[in-house]
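Line by line, the protein sequences are chains W and S. In terms of our numbering, the first sequence opens at residue 1 and continues consecutively. In terms of our numbering, the second sequence opens at residue 1001 and continues consecutively.
Where hints are given, some of them may not hold.
To be verified - No farther apart than 30 Å at their CA atoms in a straight line, the calculated lysine-lysine pairs in the BS3-like style are these: (1) K43/W with K74/W; (2) K1011/S with K74/W; (3) K74/W with K138/W; (4) K138/W with K1162/S; (5) K1162/S with K74/W; (6) K1011/S with K43/W.
In case anyone wonders, no lab produced these hints; they're calculated from the structure.
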Amino acid sequence: METVGDDFAEFFAARALRMRRVAFTVLGDWHLAEDAVQTAFVKLHRAWPRLRRESVDAYVRRAVVNTSLTMARKRGRETVVEASQLDAASHDTSTHVIFDVLRELSPSQRAVVALRFIDDLSVSTTAQILGISEGTVKSHTSRALQALRDSESLSTSTPGGAHE
Amino acid sequence: MSDEHLGLLVKQYVVRSEPMLLTTAEDVALASRRARLRGRIVMGASATVVAAIALAGGALVSSEPGRGGSDVADASQFSADSYASTFVQVVQAVAGRTSFTEPEVRAFDSQDNPIEGADRDKATVWRGTFQRSADHFLQVYAIHSESESEGQATAECDGALKTELLTSCVVTSRDGAVLVFSEGTVRRMGETWPAWNGSEGIPGADPDVWFMHRVTATEGDLQVAAFEVVRADSAAAARSLWELDEETLAALVTHESFGFPSPPAGRSGCGWVVPEKAELYSC
Chain W
1 METVGDDFAE FFAARALRMR RVAFTVLGDW HLAEDAVQTA FVKLHRAWPR LRRESVDAYV
61 RRAVVNTSLT MARKRGRETV VEASQLDAAS HDTSTHVIFD VLRELSPSQR AVVALRFIDD
121 LSVSTTAQIL GISEGTVKSH TSRALQALRD SESLSTSTPG GAHE
Chain S
1001 MSDEHLGLLV KQYVVRSEPM LLTTAEDVAL ASRRARLRGR IVMGASATVV AAIALAGGAL
1061 VSSEPGRGGS DVADASQFSA DSYASTFVQV VQAVAGRTSF TEPEVRAFDS QDNPIEGADR
1121 DKATVWRGTF QRSADHFLQV YAIHSESESE GQATAECDGA LKTELLTSCV VTSRDGAVLV
1181 FSEGTVRRMG ETWPAWNGSE GIPGADPDVW FMHRVTATEG DLQVAAFEVV RADSAAAARS
1241 LWELDEETLA ALVTHESFGF PSPPAGRSGC GWVVPEKAEL YSC
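All chains should be modelled from the sequences, with the hints used to inform the complete structure.
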């Protein structure tokens, strides 16, 4: 079995799932998201000895987002998010609406959504990781939220999937 | 509909369709090493090994008893304050009260988040750092971890020597505990010292390249490790600076006072983690 440092393994255990959710939001495909996360963590593993602990989170976020964006751009927008990726149990109205809204966004816009809502980062931190201005983060966020808000069917749903 | 509400819907959309994570940390390490080997062949570069060894950190929880397992008869009797106080007293009694001062003993959950206050009785890791100078530390930690046989420890030692993570590593058994004596070059990263990769910085020139010697004792599900780290120009120079010999470190890690109750299981079946961090952890 491959020997891996406990602190790296621990960091992987703590962050991999969340980072894969970020990648999935950008790519819309769990298999691609898994590939993106593995690629990003391999980069992290190689850089691990020279990274300071406090910079590791930012490093892996950048790696995941950059890898995901590269993969998304290579494959083109039309391949992002296929209905077959969605679990049957999740085929409620809100899921389909979010699916459609995300598909209409650019990869960079989806990266903003991923970092803001999946990774719960601030506008400032999201801007730093993506290398864009805070204004751009706000405009991307606003566009995504407005698209969701404009969806009539979503306006009646509540978090948790129940309908009022 | 508020922004928060919409954000929550997006998160739920992602989480609902989420399959099991297939990639493991070991897969990543293996891919990393393969990529490095490919690069080495292309570039003809000298061998460098990149990996981090755990000189501190969290671990999985086992139900097997050890000094800190069922031997601690009643977890309700455990006092985190008393344990932290005893921790310091034992280290200073064994290592010498005047040698290592400014003790800091802290509790951590199973993913290495610091725990404060009453929740410290749910700790997976207790870690004490003692300072002799700005260039010389002693760190001792006790972890509820997986149990380890002498054979497993020997295999790990062999692997670490083969990949040059350690410069020496010897396994032995003593009073039911598996003891590992090791030495290596490390790189300071905050409060931890992962293995030096052989290329990042030069010992003696780079202030973050240090040397360590360590003894680890594993008994049941409790692992106690003590390691001394110094900043020096060379391994030989570091050896002349060790304040504690191996037998003193061994006496420290086999001291009976380091046992503490196993942590309760967290929501995901791993050891307890602080509530706001729990959702990040996956076993």
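Structure-based check of each hint:
1. K43/W with K74/W: holds (20 Å)
2. K1011/S with K74/W: holds (25 Å)
3. K74/W with K138/W: Holds, at about 26 Å.
4. K138/W with K1162/S: violated (51 Å)
5. K1162/S with K74/W: Violated - the C-alpha atoms of K74/W and K1162/S are around 40 Å apart, more than 30 Å.
6. K1011/S with K43/W: holds (26 Å)
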